[in-house]
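Protein chains in written order, with the working numbering: chain P, 4 to 307; chain E, -15 to 255.
Just so you know, these hints were derived from the structure itself, not from any lab.
Predicted model, so just to flag it, every value in this text is computed and none were measured.
In this text, a Cβ means the ideal position worked out from N, Cα and C, and glycines have one as well.
If a hint is listed, it holds; no wrong ones were tucked in.
Stretch-level coverage of chain E by chain P, calculated; a stretch enters the list once three of its residues show a Cβ under 8 Å from a Cβ in chain P: (1) 10 to 21; (2) 67 to 78; (3) 107 to 113; (4) 146 to 153; (5) 188 to 200.
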Amino acid sequence: MSARRIFARPARLAAIAPYLWMVLFFLVPFGFVLKISLSQTAIAQPPYTPVFDFTEGRAALAAAFAQLSFDNFRLLLQDNLYILSYLRSLVVAVTSTLILLLIGYPVAYGMARLPQRWQGVAMMLVIVPFWTSFLIRIYAWINILQHDGLLNQILLTLHIVSAPVVWLSADSAMYLGIVYSYLPFMILPLYATLSKMDASLLEAAGDLGASPRQAFWLVTFPLSLPGVGAGALLCFIPIVGEFVIPDLLAGSNSLMIGQTLWLEFFTNKDWPVASAAAVALLLLLVPPLVLYDRLQRRQLEGGR
Amino acid sequence: MAHTVTRLTRFNMTSLALGLAFLYLPIVILVIYSFNASRLVTVWGGWSLRWYHEFFNDRAMLDAAWMSLSVAAVSATLATLLGTLAAIGLARGERFRGRALFSGMLYSPLVMPEVISGLSLLLLFVALNAERGFWTVTIAHTTLTMCFVTVVVQSRLATLDRSLEEAAMDLGCDPVRAFLLVTLPLIVPAIVAGWMLAFTLSLDDVVIASFTTGPGSATLPIRIYSEVRLGVKPEINAICTLVIALIAVIIVIASFASKLSSARGESAAPL
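One chain only, chain P, in its complex shape (with noise of 0.2 Å):
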């Protein structure tokens, strides 16, 4: 028995703990809302009629199945409040997502081509975003764009403008948000794919004639479309569920489905509504999750 495989069964016995963990609190939690997505609104504490007891036998069971309510997924689809979030998600997701592409791909290109001992620091300086609060980022904003903020005062003084403009609780803000803060996510793994490219390769496009301009879009860019792929899910996905940056930074006429759960939860205590929410926001993510998790199991496995 090779050294790798006598190896492995402690290890494997090391993930007994980690795996239950994850098991009863992500796996099991999606069974609640499933179960509550089916329930019946109600007002009580907690807001909401059970529709499965296990303990009242197979009868009884088999009754609450046939009386499964499909209402709050009806509902979803009924109301426009709720398809216009989920198209509102997708739209400044998608939106988003390309404009983080548009601005972090030069980013990540800019810092593959600097000299080998820079790379190192300019990593760090776009890491450290990432773990400051992303609270306190927004924030930030908030404070430059408020009504009588940095911005509106610069523009002021230089006569740009002849009145504060409101820059709050409007789209362009959010983008701004969003885009300040996922930045780092796509940089990291576009320079990871950037950086690692064969150097060779452009000096043999160069050497047989293509000008930068070329080598770039046959050579540099077509190998780096695994790094656009990993980046853009990694933005995309929690872009369409955000809450904060819509909330804070918005107006509020027009909600994104992160933000319709968050006030049928919190506001109106509708739990199986909001449930169904969250059910349809998960089945939308499906797709992109599946993928995200290839792409990550390929490079922390090496494509097991």
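Given chain P, work out where chain E should sit, using these hints.
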């Protein structure tokens, strides 16, 4: 001719500089304004520690800060323990049944929208009839942050030279001893970095904490969030600056740890 293709161009430098300025300027402005003596954000009233003073006299804020720090410390420790064990299982366990489910459960929380994680954990706690407060938030944060620890430690384990462990076992160590004597010392920097990351993530979270906490036990981000919704307050500038300073210290320690790890072999994980 070849180096014109690989050279660092002015465009590269400009985009890099602009990108970094975009990331840092708002934070710098926030820190400067936290020392502003004036109550009005527009008016610069000279340097002052007035808002820091205000914060240290704000009982409710201090309580929230204390709650956040203790949740972060406990959950980061639990997450580091569980996350490291999970990383060992994934990096050294070869193939085992349920492996795909395991890695899926560990990787998807990294991108899972927080409203979903928060809501689902709350429903579990309600079903279990658990009293909501310190421990429910701690468990929620442990679940989220252990996944980050796993990724950091696992990528360190993946780059580690396995012949070291094999040599130890050829020399008569059993696997557990080989791990404790050879592997563990080499991955300590990654484990330290993982703890730091878990700590800062916990200190940052507002959504999951809002769902899983109970009445009367708000964390600092929950308090900051509800204040910010009402508008900018200079005291918040001061609190944010203090949090940034704390995180800066943590980053310095973490980067020191990863330097240590790169001095001993390959570089640590980027995240």
